Amino acid sequence: MFSEVPRQRAQQGRRPALLGALALAAAALMSACGGGGGSADAPSPPATPASPSPAPTPTPTPVVAKPSSREEAMRFLMQASFGPTEASIAAVMDKGYEPWLEEQFAKPASAHRLNWDASDAAARALKASDSAGSREVLDSFYKVAITGDDQLRQRVAYALSQIMVVSMAQDNVGNQPRGVASYLDTLSANAFGNYRELLEQVTRHPAMGLYLSHLKNQKEDAKTGRVPDENFAREVMQLFSIGLIELNADGSPKLDAGAPKPSYTGEDIAGMAKVFTGFSWDGPDTADGRFWGWCPDYCEADRGLKPMQGYSQFHSLSEKRFLGKVVAAQTKADPAASLKVGLDALATHANVGPFIGRQMIQRLVTSNPSSAYVGRVSKAFGSGDMKAMVKAILLDTEARDATVAAQASFGKLQEPVLRLTAALRALGASSDSGAWLIGSTDDPGSQLGQSPLRSPSVFNFYRPGFVAPGSESGAAKLTMPELQLVQETSVAGYANYIKGGVAGGFGQRGLDWKAARNDVQFELTALVALAAKPTELVEQVSKQLLGSRSNAALKAELVAAVESVKLDALKADASNKKSVDDQSLNRAKLGVYLALVSPEYLVQK
549 MFSEVPRQRA QQGRRPALLG ALALAAAALM SACGGGGGSA DAPSPPATPA
599 SPSPAPTPTP TPVVAKPSSR EEAMRFLMQA SFGPTEASIA AVMDKGYEPW
649 LEEQFAKPAS AHRLNWDASD AAARALKASD SAGSREVLDS FYKVAITGDD
699 QLRQRVAYAL SQIMVVSMAQ DNVGNQPRGV ASYLDTLSAN AFGNYRELLE
749 QVTRHPAMGL YLSHLKNQKE DAKTGRVPDE NFAREVMQLF SIGLIELNAD
799 GSPKLDAGAP KPSYTGEDIA GMAKVFTGFS WDGPDTADGR FWGWCPDYCE
849 ADRGLKPMQG YSQFHSLSEK RFLGKVVAAQ TKADPAASLK VGLDALATHA
899 NVGPFIGRQM IQRLVTSNPS SAYVGRVSKA FGSGDMKAMV KAILLDTEAR
949 DATVAAQASF GKLQEPVLRL TAALRALGAS SDSGAWLIGS TDDPGSQLGQ
999 SPLRSPSVFN FYRPGFVAPG SESGAAKLTM PELQLVQETS VAGYANYIKG
1049 GVAGGFGQRG LDWKAARNDV QFELTALVAL AAKPTELVEQ VSKQLLGSRS
1099 NAALKAELVA AVESVKLDAL KADASNKKSV DDQSLNRAKL GVYLALVSPE
1149 YLVQK
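With the sequence shown counted from 1, adding 548 to any position gets you our numbering.
Keep in mind that the hints were calculated from the coordinates and are not lab data.
Remember, it's a predicted structure, so these values are computed and weren't measured experimentally.
A hint or two may mislead.
Claimed, not checked - Quick list of in silico lysine to aspartate or glutamate cross-link-like pairs, EDC-like style, CA-CA up to 20 Å:
{"#": "1", "residue 1": "K1081", "residue 2": "D1129"}
{"#": "2", "residue 1": "K939", "residue 2": "D1130"}
{"#": "3", "residue 1": "K767", "residue 2": "E815"}
{"#": "4", "residue 1": "K675", "residue 2": "D1060"}
{"#": "5", "residue 1": "K1091", "residue 2": "E634"}
{"#": "6", "residue 1": "K935", "residue 2": "E646"}
{"#": "7", "residue 1": "K1081", "residue 2": "E1105"}
{"#": "8", "residue 1": "K888", "residue 2": "D1060"}
{"#": "9", "residue 1": "K1119", "residue 2": "E1105"}
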């Protein structure tokens, strides 16, 4: 196996356990983020914390039209895609930043629901009683993330999926996988549109209705004491639009007698909950049976994809007060009119620009953006221009200036899913089946501890305001959202998952589990050809995976590790060719593995 390296090598150098998976990855994550990791269950401050911004940054230089180096193009693509490839690096260097963005804005969206339908048809072809499920949603995610042409759109949609969360980990959502694929399409379709339209599409999508229980939400009933379900009303304010506290345009909290001002109250939640009553499955009528979803008479084939419709008989007639707005009592229930007032109030709230803008900066560029950066992005967002916001985030001087990137407080810990996608893209991975059968990677002890669209709660895998307790970054009051995933089990799990993937590939063995090897494989041919030249092999690994994040010390350690793997000379009669080929492959795999678990790879700068 490629990791069978002389044990004494693991005891040398500044990374004393570089070749020991647990200690290696622990050192990587902790040194990358400054101190201890903190527990995933540790309390988190509000989504936009009242803690001070980092120290003022030097005045950044103006953004240049094109990257000055291959490494700068790589850094841009780490922020704007699921990871750089040779082709995308060349494109950014040739076109320049803004033209590349404009080209991406114009690309049509990949279709996850159509991918799911194709997987469903393939499953039924193998066995008539089978069908696609939630795993095929993940397969589509990885297929598009690795091979899709609309990289920026899908990267933004993934970021939005971590803000406007639905999760297949909840059974009633997981049992509607086609609807979840459609929900991801909804996010990508609206990624560059208007925020108000995105908010309505999210609100009315049945996947969200199932997840936050406002599908089949009924009006109040004084006789029984029933009140409208407040779940979605609370989360749409707290997480999807305005946040917990009033914000200035730069994301800093507005203060009242020295304390942050709440952005809404319990009365606002109760009033908003009435807005979301009376919505359920789409269909040709609004019969009670369709509201309740009774099958087979009221079970439309595509009801999990189509926006929920209003049922006036279940919508609250009473006055609805929220956020300073009033929907007057109705003599005839009008769900659509109430919904419009409610969503308009949220979408035009002054908090939306800084609240959503800061989180998108965190997801794409840096965990602890300066207030000035947030302010510029919020200004670009204006009345809800998602495209302008994305462009402002990626072209901002703080995102593009290498002197800013070099600061200790700048950058972010890459979440496990993005570490995987970046590696697969950089190393030209392929899927034997064409379906990208990676599947769920939930297990923190043996996998990534994270799967797309499978977060444990509506708060995502980590809170945007997470400050790691007991850490150097925490002492500096720096938000480090992804660090909330880090603990001993997940550290070892990532290292072991990558070790297994480099050694034998990722995912299952074919659609019928009968293939000779795991479905997703790195392309290592060019690296294997350099096995007899360890320095050149490491240079190539660094070029593909690390770019400017690499350094002389890391390269020296990788070279020493690669050299420690025996490589025999090929005999004249080639009788030992099989053995030499295996040794060469092991050298290449070891170089890749150590790069992928290095601190330099785990941190996006």
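For each hint, the structure was consulted:
1. Our distance criterion of 20 Å between C-alpha atoms is met by K1081 and D1129, whose separation comes to about 14 Å.
2. Proposed proximity of K939 and D1130 is contradicted: the alpha carbons are some 47 Å apart, above 20 Å.
3. Taking the CA atoms of K767 and E815, the gap is about 16 Å. The hint holds against a cut of 20 Å.
4. Note on K675 and D1060: the hinted pairing holds, with a Cα-Cα distance of about 10 Å set against a maximum of 20 Å.
5. Straight-line distance between C-alpha atoms of K1091 and E634 comes to about 10 Å, which keeps the hinted pair within the 20 Å bound.
6. Our distance criterion of 20 Å between C-alpha atoms is met by K935 and E646, whose separation comes to about 12 Å.
7. With a C-alpha separation of about 15 Å, the suggested pair K1081 and E1105 falls inside the 20 Å cut-off, and the hint holds.
8. Between the alpha carbons of K888 and D1060 the distance comes to roughly 48 Å, so the proposed pair goes past 20 Å and is violated.
9. A C-alpha spacing of about 30 Å is found between K1119 and E1105, which places the hinted pair above 20 Å, so the restraint is violated.
Checked against the numbered hints given earlier, the structure breaks hints 2, 8, 9 and satisfies all the rest.
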